[in-house]
Amino acid sequence: MKVAFWPGCVSKGACPELYVAANAIAEPLGLEMLELTEAPCTGAGVLSEQNPELADSLNGLTLAMAEAKGGALMTICSTCQGVLSKHNHRLKSDPSRLEKVNATIGDQGFRYGGTTEVKHMLWMLFEDIGIDRIKAAIKVKLTGLKIAPFYGCYILRPAEYLGLIERPERKTYLEQLIGLLGAEAVEYSGATKCCGFPMLTFNRDKSLAMGGNHILEAKDKGADLLVTPCPLCHLNLDGQQPDAARVLKKRLDVPIFHLPQLLGLAFGLSPKELRLDHHVVPTRGALEKVELKV
Amino acid sequence: MKFTIEVGRYNPEGNYDASAVAGTAYPPPWDKAPPRRYQSYNVDLPEHAVVLDALIAIREYQDESVAVRCACRSAICGSCAMWINGHSHLACKSKLAEFTKNGKTRVETPPSMPVIRDLVADMTPFWQKHLAVKPWLQGKKPEPPPMEEYRVPNSAMEELIQEVSCISCGCCLMDCESFAVNENFLGPHALAKAYRYAADPRDALTKERLGEYSAPGGIWDCTHCYECVTQCPKGVAPLEQILKLRKMAVDAGFTHNAGTRHADAFADSVKHSGRLNELTLLPKSVGFFNIVDQLKTLPSAFNMIRAGKLPPIIHKSIPGVQRIKNIFARVGGRFK
Numbered sequence: 000m001k002v003a004f005w006p007g008c009v010s011k012g013a014c015p016e017l018y019v020a021a022n023a024i025a026e027p028l029g030l031e032m033l034e035l036t037e038a039p040c041t042g043a044g045v046l047s048e049q050n051p052e053l054a055d056s057l058n059g060l061t062l063a064m065a066e067a068k069g070g071a072l073m074t075i076c077s078t079c080q081g082v083l084s085k086h087n088h089r090l091k092s093d094p095s096r097l098e099k100v101n102a103t104i105g106d107q108g109f110r111y112g113g114t115t116e117v118k119h120m121l122w123m124l125f126e127d128i129g130i131d132r133i134k135a136a137i138k139v140k141l142t143g144l145k146i147a148p149f150y151g152c153y154i155l156r157p158a159e160y161l162g163l164i165e166r167p168e169r170k171t172y173l174e175q176l177i178g179l180l181g182a183e184a185v186e187y188s189g190a191t192k193c194c195g196f197p198m199l200t201f202n203r204d205k206s207l208a209m210g211g212n213h214i215l216e217a218k219d220k221g222a223d224l225l226v227t228p229c230p231l232c233h234l235n236l237d238g239q240q241p242d243a244a245r246v247l248k249k250r251l252d253v254p255i256f257h258l259p260q261l262l263g264l265a266f267g268l269s270p271k272e273l274r275l276d277h278h279v280v281p282t283r284g285a286l287e288k289v290e291l292k293v
Numbered sequence: 000m001k002f003t004i005e006v007g008r009y010n011p012e013g014n015y016d017a018s019a020v021a022g023t024a025y026p027p028p029w030d031k032a033p034p035r036r037y038q039s040y041n042v043d044l045p046e047h048a049v050v051l052d053a054l055i056a057i058r059e060y061q062d063e064s065v066a067v068r069c070a071c072r073s074a075i076c077g078s079c080a081m082w083i084n085g086h087s088h089l090a091c092k093s094k095l096a097e098f099t100k101n102g103k104t105r106v107e108t109p110p111s112m113p114v115i116r117d118l119v120a121d122m123t124p125f126w127q128k129h130l131a132v133k134p135w136l137q138g139k140k141p142e143p144p145p146m147e148e149y150r151v152p153n154s155a156m157e158e159l160i161q162e163v164s165c166i167s168c169g170c171c172l173m174d175c176e177s178f179a180v181n182e183n184f185l186g187p188h189a190l191a192k193a194y195r196y197a198a199d200p201r202d203a204l205t206k207e208r209l210g211e212y213s214a215p216g217g218i219w220d221c222t223h224c225y226e227c228v229t230q231c232p233k234g235v236a237p238l239e240q241i242l243k244l245r246k247m248a249v250d251a252g253f254t255h256n257a258g259t260r261h262a263d264a265f266a267d268s269v270k271h272s273g274r275l276n277e278l279t280l281l282p283k284s285v286g287f288f289n290i291v292d293q294l295k296t297l298p299s300a301f302n303m304i305r306a307g308k309l310p311p312i313i314h315k316s317i318p319g320v321q322r323i324k325n326i327f328a329r330v331g332g333r334f335k
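Taken in order, these protein sequences are the chains called A and B.
Using numbering that gives the first Met the number 0, read the first sequence as starting at 0 and increasing by one per residue.
Using numbering that gives the first Met the number 0, read the second sequence as starting at 0 and increasing by one per residue.
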């Protein structure tokens, strides 16, 4: 299946392991990913709040680029998903706004017809690739692992931009996937909450307490690791975890996996191929539980 | 139809039950979360019953010691806001059948708020925040008020209808993730009210308001989680109003804060290279001369470098970056 692919800035910046892992699982999933190398940053919500028209235009350009490739636009970042969904909704629901954006990007040789559907890889797994294909690709069952899902705000809220009213099952895909891979999903309240990353630069300690609390709750409920479809959540939960532990004065030490890394392990790829050795919090303990080594 | 309700119980006057444990509810602050135990009740009610029907039935016919606050039963007065299955809702607007999960529905006060008793949260922090934003029109002084009514164009008030719909139930604050870790945060309802007055053409002190709302604890302390938008029973969408206030504050010149520096650094990076430069974003947002806070970020930076998560030192532009520059030149506004 051919899809336009938007990796986002973070998977090519501070979370390079995500980009590697996402590309590594494309083949077992039967995905031909056509990367949009000339698309701009979505603005991560920051540009949307300060200048909605600018964010409409930048994201309109990306949506037009995907439209030209035909088919859906696949993201691997909850934040990119949320922002692109929001602006797609704004453009599809208001013809005059779409016209304005087309005037801006038209000068650059693009036109958006309003037909692109933006889908996170997590959604595509269930809605396009299909459970049977995933099952067929599984080589290693992750039996014995207790995994806490962590969605990231932008893939859950607001529901109307993200199609969750028509497809409420999207709120359960991570739990379903964890079960499908043979592991056990940990039920805890933090799964749908905020990692604190948007506040990191404004109010560092509170941001770290927020993310740290969710890790602590998951750990209290027996989680060996957290899995997230959002690299920005990963930056706060993994990258800042030692600092969060200091703020909370508690031991954390819970590894955070990117969604494609978890899938890759089940597909028989080695932890090294998935760059599980490039995390701040060591992944060794969790991997040893399924007899894998970094 | 048979329903099971688990009621989170707490009586500050005495440790009436040995099974009451401090901090069993998430999210923390655990050390502040009131001790509670969960008591189960079975009720037989019609299929269309709401959570409040069950609570009233429990109080009237099973256990008069259960404390619950309610009045209108029509989602207008806002007094029955509580946590139902871990999120805030009006008990009178929430159908039991829809909330029943694994055969039961759990109700309690949110752990981020003080408790008077059982399901009655102490709304003092809510009203303090409400008053802190001065939710009333402030006229020009010392001019005497005009001898006729203030005339406002319809269009100006239509813009504010969404915020005027607020019934002060507190659902947004009860689910606010920033407030859960930062009691100084003004919170979604107060800031939505703040926008309602700052954007009212009759208010004469808009600029002063924007200055106050830009201070620590104000508009920049929101973590953008959209919980308030999801939980508001009246469609006020508090976060959207906070974002409007941020734009108004920046446009009015209140730019000496991490929030504005962050937006500027973000826009600058996208304008010049088409993508985010993570290496410079954090120090630029914190402020280069803010040595104390810069130092705080160092341990994490070292950890990330050691793990091989350093963004490329030479920040490359995306191919076709000129297009992005052209778009900024055309609609970039302040970021041109």
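Hints are computed from structural coordinates only; laboratory data are not their basis.
Just to be clear, a hint being listed does not mean it is correct.
DSSO-like mimics (lysine-lysine), calculated; alpha carbons at most 27 Å apart, straight line [unchecked claim]:
#1 A:271 x A:248
#2 A:220 x A:292
#3 B:324 x A:220
#4 A:145 x B:100
#5 B:206 x A:91
#6 A:91 x B:100
#7 A:99 x B:243
Covered stretches of chain A (chain B as the covering partner; in silico rule of three or more C-beta atoms under 8 Å from a C-beta of chain B) [claimed, not checked]:
#8 8-17
#9 30-39
#10 156-164
#11 175-184
#12 277-286
Computed footprint of chain A on chain B; a stretch qualifies when at least three of its residues, placed anywhere within it, have a C-beta under 8 Å from a C-beta of chain A [stated by the list, open to error]:
#13 37-48
#14 122-132
#15 177-183
#16 264-272
#17 312-325
Think of the CB as a built atom: it goes at the ideal place given N, C-alpha and C, for glycine as much as any other residue.
Verification of the supplied hints:
1. A:271 x A:248: Cα-Cα ~32 Å, so violated.
2. A:220 x A:292: Holds: residue 220 of chain A and residue 292 of chain A sit about 25 Å apart, inside 27 Å.
3. B:324 x A:220: Violated: residue 324 of chain B and residue 220 of chain A sit about 49 Å apart, past 27 Å.
4. A:145 x B:100: Holds - the C-alpha atoms of residue 100 of chain B and residue 145 of chain A are around 22 Å apart, at most 27 Å.
5. B:206 x A:91: 35 Å, violated
6. A:91 x B:100: 36 Å, violated
7. A:99 x B:243: 21 Å, holds
8. 8-17: holds (count 8)
9. 30-39: holds (count 4)
10. 156-164: Coverage by chain B holds here, the residue count being 3 at a Cβ distance below 8 Å.
11. 175-184: That given contact is violated, which follows from only 0 residues of the segment 175-184 of chain A lying within Cβ reach (below 8 Å) of chain B.
12. 277-286: Coverage by chain B holds for the segment 277-286 of chain A (3 residues, Cβ < 8 Å).
13. 37-48: violated (count 0)
14. 122-132: Result for this restraint: violated, n = 0.
15. 177-183: Answer holds; 4 residues pass the 8 Å Cβ test.
16. 264-272: holds (count 4)
17. 312-325: Contact hint for the segment 312-325 of chain B vs chain A: holds, 6 residues under 8 Å.
When held up to the earlier numbered hints, the structure conflicts with 1, 3, 5, 6, 11, 13, 14 and fits the remainder.
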